[in-house]
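In this text, residue positions in the sequence shown follow this note's numbering: the first is 511, and each later residue adds one.
Hints were generated in silico from the structure; no laboratory data involved. Glycine is no exception: its CB is placed at the ideal position from the N, C-alpha and C atoms. A couple of the hints might just be wrong.
Listed next, the in silico PhoX-like pairs over lysine-lysine satisfying Cα-Cα at most 20 angstroms (straight line) [as the list claims (entries may be wrong)]:
1. Lys710 - Lys773
2. Lys694 - Lys683
3. Lys622 - Lys695
4. Lys710 - Lys743
5. Lys751 - Lys710
6. Lys751 - Lys780
7. Lys695 - Lys683
8. Lys683 - Lys622
9. Lys773 - Lys751
10. Lys773 - Lys743
11. Lys694 - Lys622
Cβ-Cβ distance ranges computed for the label pairs, FRET-style [what the hints assert, rightly or not]:
12. Leu781 - Asp705: 33 to 43 angstroms
13. Glu757 - Leu670: 50 to 60 angstroms
14. Pro549 - Ser648: 47 to 57 angstroms
15. Leu781 - Asp645: 48 to 58 angstroms
16. Gln718 - Arg660: 22 to 32 angstroms
17. Gly709 - Glu684: 34 to 44 angstroms
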Amino acid sequence: MEYEQGAENQPMDGNPSMRGPSESATHIARADCPHLSDPEWEALQRMATVIGEAAVATMLRTLSPTEQHGDALSFIVKEQRDAAAATTTTASSGTTPRVQSLKLHVSNYVGKEGEPLLRWPVEVDTAIAARRIFDDPSKVAFAMSCLGGRARSWAYRRRLTDATCFGTYAEFKEELRQAFEPPKKEFRSRAEFLDLQQGKHDIHAYAQRARYLVSNIVTNPIDEATKVVTFMKGLRDGPVKTYLFREYPSTLEAAITLAMQEKFSLRQAKLHVNVPRVARPVIRTGGPEPMGLSNATAAGHQ
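Produce the entire structure from the sequences given, and follow the hints as far as they go.
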């Protein structure tokens, strides 16, 4: 079981004739227990680290071979049970808490003439992620449940005629876009954006129109430099346009943010300048009232 730290460094289960009487009382050699199998003997060695070598030696000297087999087997079963319990505890403590799914509302897309289709897939994608839907058939089923009117009739008619249609969620969105998106919509949006002018609109409405037109261009997006130049060029001449050309932002969103901030600053400065000032009250002090200059001259002549 262990090695004696003596001059000869002999193992404790060595020749019994080499040990003294006190040592023999607390140590049992492997040769003294030939009836025990190797797994049973190793189990008794591990038991000695728990209850002590003297207790194990006493047990081996006093118990019958049958009882020794039973004790060794009981200790092995106890070890296995403790190991299983430790594994279960570790697994249960290592599990992450269940993430609750969110049921977001998605507006129905009915496929009316002129109804924009670009925003609806974004709503559906967000709701699918919040509901933690991962497989394509479930994604397609959820998206179809959010359709209405002509679009719903088209989707379920396609499913009735071909049960294997919409193999993936991406295929469903592509077929829906081809069926209901107006032809050459991206081309018209690109042309309108490149010729966009602020006109009589305020900064906020102009920026929202620019964002909408850019979001319609998906197949071949416009680069950021062109977006920035087009947005700045379409602004009305004034301090906002001058400020943006001086700063020259790198993205469209940065240009919109700077334009709105400058417009707000100008509005605040104008309000501050136009605030009417309150007249200071005249404070009268004690003593004689001041005499006018004409009265003082007349009194001197007299």
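Here's how the hints hold up against the structure:
1. Lys710 - Lys773: Measuring from Cα to Cα gives roughly 15 angstroms; hence the hint holds.
2. Lys694 - Lys683: holds (17 angstroms)
3. Lys622 - Lys695: holds (15 angstroms)
4. Lys710 - Lys743: Satisfied, since the Cα-Cα distance of roughly 15 angstroms is no more than 20 angstroms.
5. Lys751 - Lys710: holds (15 angstroms)
6. Lys751 - Lys780: holds (18 angstroms)
7. Lys695 - Lys683: Holds. Lysine 695 to lysine 683 sits at ~16 angstroms (cutoff 20 angstroms).
8. Lys683 - Lys622: holds (17 angstroms)
9. Lys773 - Lys751: holds (10 angstroms)
10. Lys773 - Lys743: Distance ~16 angstroms between lysine 773 and lysine 743 Cα, so the pair holds.
11. Lys694 - Lys622: holds (17 angstroms)
12. Leu781 - Asp705: 33 to 43 angstroms: Holds: the Cβ-Cβ distance is about 34 angstroms, inside 33 to 43 angstroms.
13. Glu757 - Leu670: 50 to 60 angstroms: The hint (50 to 60 angstroms, Cβ to Cβ) holds, given that glutamate 757 and leucine 670 are roughly 58 angstroms apart.
14. Pro549 - Ser648: 47 to 57 angstroms: For serine 648 against proline 549, whose Cβ atoms are near 52 angstroms apart, the range 47 to 57 angstroms holds.
15. Leu781 - Asp645: 48 to 58 angstroms: holds (57 angstroms)
16. Gln718 - Arg660: 22 to 32 angstroms: Given a distance of about 28 angstroms, which is inside 22 to 32 angstroms, the answer is holds.
17. Gly709 - Glu684: 34 to 44 angstroms: holds (36 angstroms)
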